[in-house]
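Engineer: Sequence:
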Amino acid sequence: MNIREMIESNEDKVFIREAFFSRDSRGRERFEEPDTYRTCFMHDRDRIIHSKSFRRLKHKTQVYIRTSGDHYRTRLTHTLEVSQIARTIGRGLSVNEDLIEAITLGHDIGHVAFAHNGEEVLEERLGAFRHNEQSIRVLKKLEKDGEGLNLTWEVLDGVLHHSGFSDAVDSASTIEGQIARYSDKIAYVNHDIDDSIRAGILSTDMIPGEFTDVLGETHSRRIDTLVRDIVETTRMNLSDGVRKVSLSGEVNKAMTGLRDFMFRDIYTGQQLRAERDKAKFVLHRLFDHFEGKVEDMPELYRKIAEEEGVTRAVADFLAGMTDDYAIATFNRIYVPKFVFF
Numbered sequence: 001m002n003i004r005e006m007i008e009s010n011e012d013k014v015f016i017r018e019a020f021f022s023r024d025s026r027g028r029e030r031f032e033e034p035d036t037y038r039t040c041f042m043h044d045r046d047r048i049i050h051s052k053s054f055r056r057l058k059h060k061t062q063v064y065i066r067t068s069g070d071h072y073r074t075r076l077t078h079t080l081e082v083s084q085i086a087r088t089i090g091r092g093l094s095v096n097e098d099l100i101e102a103i104t105l106g107h108d109i110g111h112v113a114f115a116h117n118g119e120e121v122l123e124e125r126l127g128a129f130r131h132n133e134q135s136i137r138v139l140k141k142l143e144k145d146g147e148g149l150n151l152t153w154e155v156l157d158g159v160l161h162h163s164g165f166s167d168a169v170d171s172a173s174t175i176e177g178q179i180a181r182y183s184d185k186i187a188y189v190n191h192d193i194d195d196s197i198r199a200g201i202l203s204t205d206m207i208p209g210e211f212t213d214v215l216g217e218t219h220s221r222r223i224d225t226l227v228r229d230i231v232e233t234t235r236m237n238l239s240d241g242v243r244k245v246s247l248s249g250e251v252n253k254a255m256t257g258l259r260d261f262m263f264r265d266i267y268t269g270q271q272l273r274a275e276r277d278k279a280k281f282v283l284h285r286l287f288d289h290f291e292g293k294v295e296d297m298p299e300l301y302r303k304i305a306e307e308e309g310v311t312r313a314v315a316d317f318l319a320g321m322t323d324d325y326a327i328a329t330f331n332r333i334y335v336p337k338f339v340f341f
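Mapping the sequence shown onto full-length UniProt numbering, position 141 (from 1) lands on 141, and the numbers just tick up by one.
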């Protein structure tokens, strides 16, 4: 018995029956011999962490664009917070933490520069664009110069279904994927409150008391309430034969209300509008340039332009840009250089 087989054997002793067992994976699009040390999901986690797209998350905006402070979240720190919350929930439920970790580390890998402002620009230009679908495209096609990472079906399924707040949307096929989806919401709603307070556009007394009375007054208390509630509620679901990750009614209502408050007053509020408009302007102008000059894009995207069209290729190129690279590219193309005679 090799190390991987020992780990898989230990899953039988630790996991609940509703968990997803590593040996049961549907596998990869392109067959590979199993690793002797790592389960398939451990292998996927490592491939994601070592990818270029994952490293670029450190220079992609979460909410606040080009901030001077050191402590605002980036898309990378958001990803790490999601992973930590999800693994805590997974441990509480005795399910597959390796699968959870791979899904959460890869869930936002297709996010555009300048947060959702970038996503809105690409949606305008393509007609349809969702960052969860772009994450799948990155993982399956764009990484490794067009080869993709050849991840397992279950990880890709979790990444695809991580987005969306309502229970009406399609859910991931695994309990672990459902945990990742909830953990994303728990993380971003709470850390965006923290960053908004740091930015001086929100104060604790502005947060509606009807939500903090249920969830807690502080960042750590709210996360603790949500994590405990989701573990306890899901355990009750499973004992009743319902294979579903969820929050209890009161806590879910407070969480949804808090998210709606953040969207109305922060994400789409007037205070950030000027910066959002600047970000969109930069990306629209870059889109215009590369649509007209396909030859200015790297070889991978020129090939996509031939196979799938110029608009798709430009969207892929811009979606991979960090905030810094997008601004530097805009400056190189559009800002005049000083020339002394």
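Hints listed in this document are in silico derivations from the structure and should not be mistaken for laboratory results.
Computed from a predicted structure; not experimentally measured.
Heads up, a few of these hints could be off.
[What the hints assert, rightly or not] Cross-link-like lysine-lysine pairs, in silico, DSBU-like; alpha carbons within 30 Å at most:
id : residue 1 : residue 2
1  : K52       : K253
2  : K244      : K140
3  : K293      : K52
4  : K13       : K141
5  : K293      : K58
6  : K293      : K280
7  : K244      : K52
8  : K13       : K244
9  : K278      : K293
10 : K280      : K52
11 : K13       : K144
12 : K144      : K293
13 : K280      : K337
14 : K141      : K58
15 : K144      : K244
16 : K140      : K58
17 : K278      : K52
18 : K280      : K13
19 : K253      : K141
20 : K140      : K303
21 : K280      : K303
22 : K141      : K280
23 : K13       : K278
24 : K253      : K140
25 : K293      : K337
26 : K337      : K278
27 : K141      : K337
28 : K337      : K140
Engineer: Hint by hint, note whether the structure agrees.
Structural biologist: Each hint, compared with the structure:
1. K52 - K253: violated, 38 Å
2. K244 - K140: holds, 28 Å
3. K293 - K52: holds, 25 Å
4. K13 - K141: violated, 37 Å
5. K293 - K58: It holds: about 28 Å lies between the C-alpha atoms, which stays within 30 Å.
6. K293 - K280: holds, 20 Å
7. K244 - K52: Answer violated: K244 to K52 is near 34 Å, above 30 Å.
8. K13 - K244: Roughly 22 Å between the alpha carbons, so the hint for K13 and K244 holds.
9. K278 - K293: holds, 23 Å
10. K280 - K52: holds, 24 Å
11. K13 - K144: violated, 37 Å
12. K144 - K293: Holds, because 24 Å separates the two Cα atoms, which is no more than 30 Å.
13. K280 - K337: holds, 23 Å
14. K141 - K58: Distance of about 21 Å is within 30 Å: holds.
15. K144 - K244: violated, 35 Å
16. K140 - K58: With a Cα-Cα distance of about 21 Å, the restraint between K140 and K58 holds, given a limit of 30 Å.
17. K278 - K52: holds, 27 Å
18. K280 - K13: It is violated: about 52 Å lies between the C-alpha atoms, which goes past 30 Å.
19. K253 - K141: violated, 38 Å
20. K140 - K303: Judged against 30 Å, a Cα distance of about 16 Å means the pair holds.
21. K280 - K303: Measuring from Cα to Cα gives roughly 26 Å; hence the hint holds.
22. K141 - K280: Given pair K141, K280 holds - Cα atoms ~26 Å apart, limit 30 Å.
23. K13 - K278: Distance ~54 Å between K13 and K278 Cα, so the pair is violated.
24. K253 - K140: violated, 36 Å
25. K293 - K337: holds, 20 Å
26. K337 - K278: holds, 21 Å
27. K141 - K337: Violated: K141 and K337 sit about 37 Å apart, past 30 Å.
28. K337 - K140: violated, 40 Å
Of the numbered hints stated above, those contradicted by the structure are hints 1, 4, 7, 11, 15, 18, 19, 23, 24, 27 and 28, listed in ascending order.
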